[in-house]
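Enquirer: So you can see what is in the structure, the chains are spelled out below.
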Amino acid sequence: MRRQLQLSAPTVAVLALCTVAVHAQPAATPPALQAEVETTYVFADGRQVRVPGHYYRSQDGRVREDTGRGSVIADVSKGTLTLLNADSKQALVFTVREAAPNRKPKGVSAAVPYARGKHEGRDVSKARVKGPDGKENEVWTATDIGLMVFSRIESAGLTTTKALRKVVQGEPDPAVFNVPEDYAVEHHTVPALDAGSMRPGLVPPSMKDERR
Amino acid sequence: MGKLRGIRGLITFCAVLALASAVAPAAAQDATFYEHLDYSGASFSAQGDVAFVGFDWNDQITSLTLSPGASVTIYEHADFGGASLTLSSSTADLRWFPGPGGDGTWNDAVSSLRVSGGGPPPPSRTVVLVNGSFNPYPPWMEPDAPEYQAIASTYGVQPIQFRWTDSDFAGVNFPFYSGIWNGASALAGFINALPPGEIEVITHSHGGNVAILATGFYTNRPVTRLINLATPVNWDLRWNGGLWVNHMCTASSHEDWVQFIGSSPYQVYRFADAAYDSFYWARESTIAFIEGRYEDALYYAALATYYFAAGHDWWHTTKEEWWGWTIMFGGGSHGDMHEPPVWHALPMACKLP
Numbered sequence: 003m004r005r006q007l008q009l010s011a012p013t014v015a016v017l018a019l020c021t022v023a024v025h026a027q028p029a030a031t032p033p034a035l036q037a038e039v040e041t042t043y044v045f046a047d048g049r050q051v052r053v054p055g056h057y058y059r060s061q062d063g064r065v066r067e068d069t070g071r072g073s074v075i076a077d078v079s080k081g082t083l084t085l086l087n088a089d090s091k092q093a094l095v096f097t098v099r100e101a102a103p104n105r106k107p108k109g110v111s112a113a114v115p116y117a118r119g120k121h122e123g124r125d126v127s128k129a130r131v132k133g134p135d136g137k138e139n140e141v142w143t144a145t146d147i148g149l150m151v152f153s154r155i156e157s158a159g160l161t162t163t164k165a166l167r168k169v170v171q172g173e174p175d176p177a178v179f180n181v182p183e184d185y186a187v188e189h190h191t192v193p194a195l196d197a198g199s200m201r202p203g204l205v206p207p208s209m210k211d212e213r214r
Numbered sequence: 012m013g014k015l016r017g018i019r020g021l022i023t024f025c026a027v028l029a030l031a032s033a034v035a036p037a038a039a040q041d042a043t044f045y046e047h048l049d050y051s052g053a054s055f056s057a058q059g060d061v062a063f064v065g066f067d068w069n070d071q072i073t074s075l076t077l078s079p080g081a082s083v084t085i086y087e088h089a090d091f092g093g094a095s096l097t098l099s100s101s102t103a104d105l106r107w108f109p110g111p112g113g114d115g116t117w118n119d120a121v122s123s124l125r126v127s128g129g130g131p132p133p134p135s136r137t138v139v140l141v142n143g144s145f146n147p148y149p150p151w152m153e154p155d156a157p158e159y160q161a162i163a164s165t166y167g168v169q170p171i172q173f174r175w176t177d178s179d180f181a182g183v184n185f186p187f188y189s190g191i192w193n194g195a196s197a198l199a200g201f202i203n204a205l206p207p208g209e210i211e212v213i214t215h216s217h218g219g220n221v222a223i224l225a226t227g228f229y230t231n232r233p234v235t236r237l238i239n240l241a242t243p244v245n246w247d248l249r250w251n252g253g254l255w256v257n258h259m260c261t262a263s264s265h266e267d268w269v270q271f272i273g274s275s276p277y278q279v280y281r282f283a284d285a286a287y288d289s290f291y292w293a294r295e296s297t298i299a300f301i302e303g304r305y306e307d308a309l310y311y312a313a314l315a316t317y318y319f320a321a322g323h324d325w326w327h328t329t330k331e332e333w334w335g336w337t338i339m340f341g342g343g344s345h346g347d348m349h350e351p352p353v354w355h356a357l358p359m360a361c362k363l364p
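Same order as they appear, the protein sequences are chains S and H. According to our numbering, the first sequence is numbered sequentially starting from 3. According to our numbering, the second sequence is numbered sequentially starting from 12.
Do not take every clue at face value.
[Stated by the list, open to error] Simulated crosslink set (EDC-like; lysine to aspartate or glutamate; CA at most 20 angstroms straight-line):
#, chain 1, residue 1, chain 2, residue 2
1, S, K132, H, E306
2, S, K128, H, E350
3, S, K168, S, E40
4, S, K91, H, D347
5, S, K128, S, E138
6, S, K80, S, D175
7, S, K128, S, E140
8, S, K132, H, D49
9, S, K137, S, D62
10, S, K120, S, E140
11, H, K362, H, E331
12, S, K108, H, D307
13, S, K128, S, D146
14, S, K108, H, E306
15, S, K128, H, D307
16, S, K106, H, D307
17, S, K91, H, D179
18, S, K106, S, D135
19, S, K168, S, D47
20, S, K106, H, E306
21, H, K362, H, E350
22, S, K137, S, D125
23, S, K106, S, D125
24, S, K120, S, D146
25, S, K80, S, E173
26, H, K362, S, D47
27, S, K108, S, E156
28, S, K80, S, D62
29, S, K128, H, D347
30, S, K168, S, D135
Calculated directly from the structure, the hints in this document are not laboratory data. No experiment lies behind these values; they were computed from the predicted model shown.
Let the sequences and hints guide you as you build the complete structure.
Expert: Rendered as structure tokens:
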């Protein structure tokens, strides 16, 4: 038994090379696609608001999501987030200085799968996520394209449910990831922000007792 | 006796008419003077200076009533001569006060008088509209606008406009917010100078921050209600203390991007940071899922949801007011918030009349 496991030096070298080769392969890229997205906000008093929108994802790492009155464009290759305000035709371009991988907040544990199911005809893996605040969120991931097609997330005074429908694979029109020409553009660089207060209370903790 | 009383009554009526026409509009009754104790007998009312009360009333006054805020100085002789006594409240019996009269008091000893203060009853309520940034003359504040008319209908009075003009980009932005501070000082002066009575302030957008700073730092009297419509909850303009406001409420729309952008850079950056991370980790989760690294995918999905919630929390900080009630609307734009459908949804939370 022990002999069978002994590896020759050439074998080790070949395995090592193979390992390097595997690591050198480009990471998988999420497929380009677009979909309709319906966002439902449920406020603390029970009122619901449904906001239709659209979702675009390019293969090179750009994502755009249109909501009721504006759009958010994230470009992970450039490290930017762009807000398009449809009412004022204003674009705010934020360059995020600190790399996201450096910020993994404490207390966030992996989503826990609990069921498989179907969403719009696709197989989905359903998982629950318990946040550091104890609230339970939920995500469904389409197993063929790795896309989160449904989520229910609790935040301050609000439950946000987002469902992607009518997913169509293919590269969206590149123009959707650009700022429209008639928009005024403001550039901002987001300073490195401390990880300790990534989620706020409604007011800074030091001021909570002072609220009237 | 009856005839005499009738003549006396006629003379009194004429004297009152003469006094009233000489010194005050007929509706103004700051001081009323009575023939007998306890505000009984014949009476006349006066306002301002009365150099001689007339032969019929000379040395006849025994009690008097004063309107709120009014005072009276009574004189022994005509033309404000001789001894005098100033009273600031109603008096049922002038014998309480030692004076030049035959009995050593002020009973039946008044020949002239000066009434001050008082005046017409103050308006019970003044409604002030305050503009937002970039336009001191927004249509919603004009009398022909549906919002103006809705507000007027609610309060039963015509609102008046306060306009702060240093409301351009530099005036409403970090780091100094100088236009908002200047506007607050000016608004406070405006409020302080209003006639007595309840003051209702309705604002839009950064006009709410003008009102918050005004009532937090500058006013010398309370505002009955402060209603802010789509006011950016800017943490640079919030503090630990309170406002001199009896009741406050804020109407915010979750979809109002202008309100978000008007908040502090810290809040905006926090949102951008969290939103970016949410997209980043969602993408990483997808990649890990495709590559079959399911544990990573599940962890990254959790990070994506965490940052999504964090982004929403920061977005919410620009809309949840620190004081009073916040009424959250779903899909309205910044401009929608100063339109009647929002106004008509406010009465209960804002305790409107």
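Enquirer: If a hint holds in the structure, say so; if it does not, say that too.
Expert: Verification of the supplied hints:
At roughly 15 angstroms between alpha-carbon atoms, S:K132 and H:E306 fall within 20 angstroms of each other, so this suggested pair holds. Simply put, S:K128 and H:E350 have alpha-carbon atoms about 43 angstroms apart, too far for the 20 angstroms limit, and the pair is violated. For a cut-off of 20 angstroms, the pair hint linking S:K168 to S:E40 stands: about 11 angstroms separates their Cα positions. Between S:K91 and H:D347 the alpha-carbon distance is near 17 angstroms, which keeps this suggested pair within the 20 angstroms criterion.
The straight-line distance between the Cα atoms of S:K128 and S:E138 is roughly 13 angstroms, inside the 20 angstroms bound, and the hint therefore holds. Under the criterion of a C-alpha separation no larger than 20 angstroms, the hint pairing S:K80 with S:D175 is consistent with the structure, at around 19 angstroms. A C-alpha spacing of about 7 angstroms is found between S:K128 and S:E140, which places the hinted pair at or below 20 angstroms, so the restraint holds. Under the criterion of a C-alpha separation no larger than 20 angstroms, the hint pairing S:K132 with H:D49 is inconsistent with the structure, at around 77 angstroms.
With a C-alpha separation of about 33 angstroms, the suggested pairing of S:K137 with S:D62 is violated against the 20 angstroms cut-off. With a CA separation close to 15 angstroms, the supplied pair S:K120 and S:E140 stays within the 20 angstroms bound. Only pairs whose Cα atoms come within 20 angstroms are accepted, and H:K362 paired with H:E331 is accepted, the gap being roughly 18 angstroms. The straight-line distance between the Cα atoms of S:K108 and H:D307 is roughly 16 angstroms, inside the 20 angstroms bound, and the hint therefore holds.
Restraint check for S:K128 and S:D146: the C-alpha separation of about 14 angstroms stays at or below 20 angstroms, so the hint holds. Taken as a hint, the S:K108 and H:E306 pair is honoured in the structure, with Cα atoms around 17 angstroms apart against an allowance of 20 angstroms. Taking the CA atoms of S:K128 and H:D307, the gap is about 15 angstroms. The hint holds against a cut of 20 angstroms. Pair hint S:K106 plus H:D307 holds up; C-alpha atoms about 13 angstroms apart against a cutoff of 20 angstroms.
Simply put, S:K91 and H:D179 have alpha-carbon atoms about 17 angstroms apart, close enough for the 20 angstroms limit, and the pair holds. Proposed proximity of S:K106 and S:D135 is supported: the alpha carbons are some 15 angstroms apart, at most 20 angstroms. Straight-line distance between C-alpha atoms of S:K168 and S:D47 comes to about 31 angstroms, which puts the hinted pair past the 20 angstroms bound. With a C-alpha separation of about 15 angstroms, the suggested pair S:K106 and H:E306 falls inside the 20 angstroms cut-off, and the hint holds.
For the hint pairing H:K362 with H:E350, the CA-to-CA distance comes to about 18 angstroms; that is within 20 angstroms, so the pair holds. With a C-alpha separation of about 26 angstroms, the suggested pairing of S:K137 with S:D125 is violated against the 20 angstroms cut-off. Restraint check: the Cα-Cα separation between S:K106 and S:D125 comes to about 29 angstroms, which exceeds 20 angstroms; the hinted pair is violated. For the hint linking S:K120 to S:D146, the alpha-carbon distance of about 12 angstroms falls within 20 angstroms, and the restraint holds.
Of the pairs offered as hints, the one joining S:K80 and S:E173 holds, with about 19 angstroms between alpha carbons and a cut-off of 20 angstroms not exceeded. At roughly 18 angstroms between alpha-carbon atoms, H:K362 and S:D47 fall within 20 angstroms of each other, so this suggested pair holds. For the given pair, S:K108 sits about 18 angstroms from S:E156 by alpha-carbon distance, which is consistent with the 20 angstroms threshold. Note on S:K80 and S:D62: the hinted pairing holds, with a Cα-Cα distance of about 10 angstroms set against a maximum of 20 angstroms.
Under the criterion of a C-alpha separation no larger than 20 angstroms, the hint pairing S:K128 with H:D347 is inconsistent with the structure, at around 38 angstroms. Using a Cα cut-off of 20 angstroms, the hinted pair S:K168 and S:D135 is violated, with the two alpha carbons roughly 33 angstroms apart.
Against the hints set out earlier in the document, violations occur for numbers 2, 8, 9, 19, 22, 23, 29 and 30.
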